[in-house]
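Asks: Under UniProt numbering, the first residue of the sequence shown is numbered 1, with each subsequent residue one higher.
It is worth saying that the hints were derived from the structure and are not from the lab. Each residue gets a CB set at the ideal place from its N, CA and C atoms; glycine is no exception. Any given hint could be a false lead.
Here are the computed distance ranges between Cβ atoms for each label pair [to be verified]:
1. Gly7 with Lys27: 42 to 52 Å
2. Ser34 with Gly7: 25 to 35 Å
3. Gln32 with Leu3: 40 to 50 Å
4. Met8 with Gln32: 22 to 32 Å
5. Glu14 with Ser34: 23 to 33 Å
6. Ser34 with Glu4: 42 to 52 Å
7. Tyr53 with Leu22: 14 to 24 Å
8. Ser34 with Glu9: 50 to 60 Å
9. Leu6 with Lys27: 27 to 37 Å
10. Ser34 with Asp13: 47 to 57 Å
11. Leu3 with Leu23: 35 to 45 Å
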Amino acid sequence: MILESLGMEKYMDEHMNSTNYLLRLMKYKAPQSSETEMEMNVHTDRSNLTILYQNQVTSSFNQRWAMDQC
1 MILESLGMEK
11 YMDEHMNSTN
21 YLLRLMKYKA
31 PQSSETEMEM
41 NVHTDRSNLT
51 ILYQNQVTSS
61 FNQRWAMDQC
């Protein structure tokens, strides 16, 4: 459905046949009262879809996105 909405129907079969599926869940604890911020190590999400869920986060959320050429 995502590839279709992006107008990439012709790549669907190739993608489905060449993709290794991986589900990775990460949970980060809230900072302790003495800490001012929380961060995770720099990493690359190697999938087509990444979902970021913030719950009760009051600080700003900074990220760096890099997209590979298709």
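Asks: Output the numbers, in ascending order, of every earlier hint that fails for this structure.
Replies: 1, 2, 4, 5 and 11
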